[in-house]
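With chain A fixed as given, assemble chain B onto it according to the hints.
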Amino acid sequence: GESVGLHLPTLSVQEGDNSIINCAYSNSASDYFIWYKQESGKGPQFIIDIRSNMDKRQGQRVTVLLNKTVKHLSLQIAATQPGDSAVYFCAEIQTGNQFYFGTGTSLTVIP
Amino acid sequence: GAVVSQHPSRVICKSGTSVKIECRSLDFQATTMFWYRQFPKQSLMLMATSNEGSKATYEQGVEKDKFLINHASLTLSTLTVTSAHPEDSSFYICSAISDSPNTEAFFGQGTRLTVV
Numbered sequence: 012g013e014s015v016g017l018h019l020p021t022l023s024v025q026e027g028d029n030s031i032i033n034c035a036y037s038n039s040a041s042d043y044f045i046w047y048k049q050e051s052g053k054g055p056q057f058i059i060d061i062r063s064n065m066d067k068r069q070g071q072r073v074t075v076l077l078n079k080t081v082k083h084l085s086l087q088i089a090a091t092q093p094g095d096s097a098v099y100f101c102a103e104i105q106t107g108n109q110f111y112f113g114t115g116t117s118l119t120v121i122p
Numbered sequence: 028g029a030v031v032s033q034h035p036s037r038v039i040c041k042s043g044t045s046v047k048i049e050c051r052s053l054d055f056q057a058t059t060m061f062w063y064r065q066f067p068k069q070s071l072m073l074m075a076t077s078n079e080g081s082k083a084t085y086e087q088g089v090e091k092d093k094f095l096i097n098h099a100s101l102t103l104s105t106l107t108v109t110s111a112h113p114e115d116s117s118f119y120i121c122s123a124i125s126d127s128p129n130t131e132a133f134f135g136q137g138t139r140l141t142v143v
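So the sequences go chain by chain: A and B.
All residue numbers for the first sequence refer to this note's numbering, where the first residue is 12 and numbers rise by one.
All residue numbers for the second sequence refer to this note's numbering, where the first residue is 28 and numbers rise by one.
Source of the hints: derived by calculation from the structure; they are not laboratory data.
A couple of the hints might just be wrong.
[Said to hold, decoys possible] Below are the BS3-like pairs computed for lysine-lysine, each with C-alpha atoms no more than 30 Å apart in a straight line:
1. B:K93 / A:K82
2. A:K48 / A:K79
3. A:K79 / B:K41
4. B:K82 / B:K41
5. B:K93 / B:K68
6. B:K93 / B:K47
7. B:K41 / B:K93
8. B:K41 / B:K91
9. B:K93 / A:K53
10. B:K47 / B:K82
11. A:K82 / A:K53
12. A:K53 / A:K67
13. A:K48 / B:K47
14. B:K68 / A:K48
15. B:K47 / A:K53
16. A:K79 / A:K67
17. B:K68 / B:K91
18. B:K41 / B:K68
19. B:K41 / A:K53
20. A:K67 / A:K48
21. B:K68 / B:K47
22. A:K48 / A:K82
23. B:K82 / B:K93
24. A:K82 / B:K68
25. B:K47 / B:K91
26. A:K82 / A:K67
27. B:K68 / A:K53
[To be verified] Quick list of the computed label-pair ranges, beta carbon to beta carbon:
28. B:S32 / A:D42: 26 to 32 Å
29. B:R37 / A:N78: 40 to 46 Å
30. B:V30 / A:L22: 27 to 33 Å
31. A:D42 / B:E114: 36 to 42 Å
32. A:R72 / B:Q56: 32 to 38 Å
33. A:S37 / B:E114: 28 to 34 Å
All values reported here derive from a predicted model rather than from experimental measurement.
Ideal Cβ positions, reconstructed from N, Cα and C, are used throughout, including at glycine.
Excised from the complex, chain B in its bound form:
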């Protein structure tokens, strides 16, 4: 099946620094990718919808200047957590939509971000 690669899988950073997370669709083109945040024992929480070649659509309550999303190509979307703080520590997951042969969402492996 299709593969979505998310990198890095784990990152520890200092407060105030920025962290970039990459999401790549390896064998299909994805015009739409989603970014989620997940806290322990909780469901996926949609942060934003990333559309290739246009601005991302953010969910209510998600700061677009804090979580910068760039979808520069049909196979790559990036999420940059700017000026990270300890409360940004979480598990971040991306997914990409494949239309062939069926419409399906494929998920990345997730990124565990720890801000110290």
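Isolated chain A, as found in the complex:
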């Protein structure tokens, strides 16, 4: 996997609103994608995944959308709660276990 130490873009949402976090990936050959959540001072945790043969997958309060035409991935969080405040980043996985992580987005939920 590769990543670069960059300052994170930020997103602020009101509690109860829906959040949309976006990720652009680089390789059209990537066939598996994962969203991770990283709370302050902790390691990243798996949220939801999607394979390239799907364009939408739903979990509990989260939905991932995949647009292979424009190589774009999004994470939608419904009814955002204060506990959702964290850094979210996507990973694209290519054949051969090549992991590439996105920069990440810092989500702040305003009570």
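Then chain B, alone, in the frame of chain A:
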């Protein structure tokens, strides 16, 4: 799901000393583990790729003699920060790749290193 255990979670050491951080895959074998460094409000920065039974592959700009990586078994990789200095203070995170049932990266809890 699979678990990756990283130890210690916090360490404070004096300048000039060395610190070892362990990364263990508890219920799966990982031929590949990654070590990251993270500064506040920044993304993960890959330091090196650790391969079981062979030398680690370091990213450009990462000193291999400063950050020693050993991947002696399929469940353990260690990162040793040698002759630590205050500028080495950071959050270090490991991840391990599991191939079953799907290819997925599992992360350790992270280690907060403070060099005084």
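To see whether the hints hold, each was checked on the structure:
A C-alpha spacing of about 38 Å is found between K93 of chain B and K82 of chain A, which places the hinted pair above 30 Å, so the restraint is violated. For a cut-off of 30 Å, the pair hint linking K48 of chain A to K79 of chain A stands: about 23 Å separates their Cα positions. Annotation: proposed proximity of K79 of chain A to K41 of chain B is violated, straight-line Cα distance about 50 Å (limit 30 Å). Annotation: proposed proximity of K82 of chain B to K41 of chain B holds, straight-line Cα distance about 28 Å (limit 30 Å).
About 24 Å separates the Cα atoms of K93 of chain B and K68 of chain B, which keeps this hinted pair within 30 Å; it holds. Restraint check for K93 of chain B and K47 of chain B: the C-alpha separation of about 12 Å stays at or below 30 Å, so the hint holds. Distance check on the hinted pair: K41 of chain B and K93 of chain B sit about 16 Å apart at the alpha-carbon level, within 30 Å; holds. Distance hint between K41 of chain B and K91 of chain B is fulfilled; the C-alpha atoms sit about 21 Å from each other, no more than 30 Å.
Only pairs whose Cα atoms come within 30 Å are accepted, and K93 of chain B paired with K53 of chain A is accepted, the gap being roughly 24 Å. As the CA atoms of K47 of chain B and K82 of chain B are separated by approximately 17 Å, the hinted pair is consistent with the 30 Å bound. Using a Cα cut-off of 30 Å, the hinted pair K82 of chain A and K53 of chain A holds, with the two alpha carbons roughly 29 Å apart. Between K53 of chain A and K67 of chain A, the direct Cα distance comes to roughly 28 Å. Compliance with the 30 Å bound is thereby established for this hinted pair.
Between K48 of chain A and K47 of chain B, the direct Cα distance comes to roughly 26 Å. Compliance with the 30 Å bound is thereby established for this hinted pair. Restraint check for K68 of chain B and K48 of chain A: satisfied, since their Cα atoms lie roughly 14 Å apart, inside the 30 Å limit. Proximity of K47 of chain B to K53 of chain A is assessed by CA-CA distance (about 19 Å); at most 30 Å being required, the pair is judged to hold. Between K79 of chain A and K67 of chain A the alpha-carbon distance is near 11 Å, which keeps this suggested pair within the 30 Å criterion.
At roughly 25 Å between alpha-carbon atoms, K68 of chain B and K91 of chain B fall within 30 Å of each other, so this suggested pair holds. The straight-line distance between the Cα atoms of K41 of chain B and K68 of chain B is roughly 25 Å, inside the 30 Å bound, and the hint therefore holds. In summary, the hint linking K41 of chain B to K53 of chain A is supported, as the alpha carbons are separated by about 24 Å, within the 30 Å threshold. A distance of roughly 19 Å separates the Cα atoms of K67 of chain A and K48 of chain A; the hinted pair therefore holds under the 30 Å criterion.
For the hint pairing K68 of chain B with K47 of chain B, the CA-to-CA distance comes to about 25 Å; that is within 30 Å, so the pair holds. In summary, the hint linking K48 of chain A to K82 of chain A is supported, as the alpha carbons are separated by about 21 Å, within the 30 Å threshold. In summary, the hint linking K82 of chain B to K93 of chain B is supported, as the alpha carbons are separated by about 15 Å, within the 30 Å threshold. For the suggested pair K82 of chain A and K68 of chain B, the alpha carbons sit about 26 Å apart, so the restraint of at most 30 Å is met.
The hinted pair formed by K47 of chain B and K91 of chain B meets the criterion: a straight-line CA distance of about 14 Å does not exceed 30 Å. Restraint check: the Cα-Cα separation between K82 of chain A and K67 of chain A comes to about 14 Å, which is no more than 30 Å; the hinted pair holds. Straight-line distance between C-alpha atoms of K68 of chain B and K53 of chain A comes to about 13 Å, which keeps the hinted pair within the 30 Å bound. Taking 26 to 32 Å as the suggested C-beta distance range, the pair S32 of chain B and D42 of chain A conforms, at roughly 29 Å.
Here the CB-CB span from R37 of chain B to N78 of chain A is close to 41 Å, well matched to the stated 40 to 46 Å. V30 of chain B and L22 of chain A have their C-beta atoms about 30 Å apart, which keeps the hinted 27 to 33 Å range intact. Remark: the range hint 36 to 42 Å for D42 of chain A to E114 of chain B is upheld by a beta-carbon distance near 39 Å. Between R72 of chain A and Q56 of chain B the CB atoms are about 33 Å apart, so this pair conforms to the stated range of 32 to 38 Å.
A C-beta distance of roughly 31 Å is found between S37 of chain A and E114 of chain B, which places it inside the suggested range of 28 to 34 Å.
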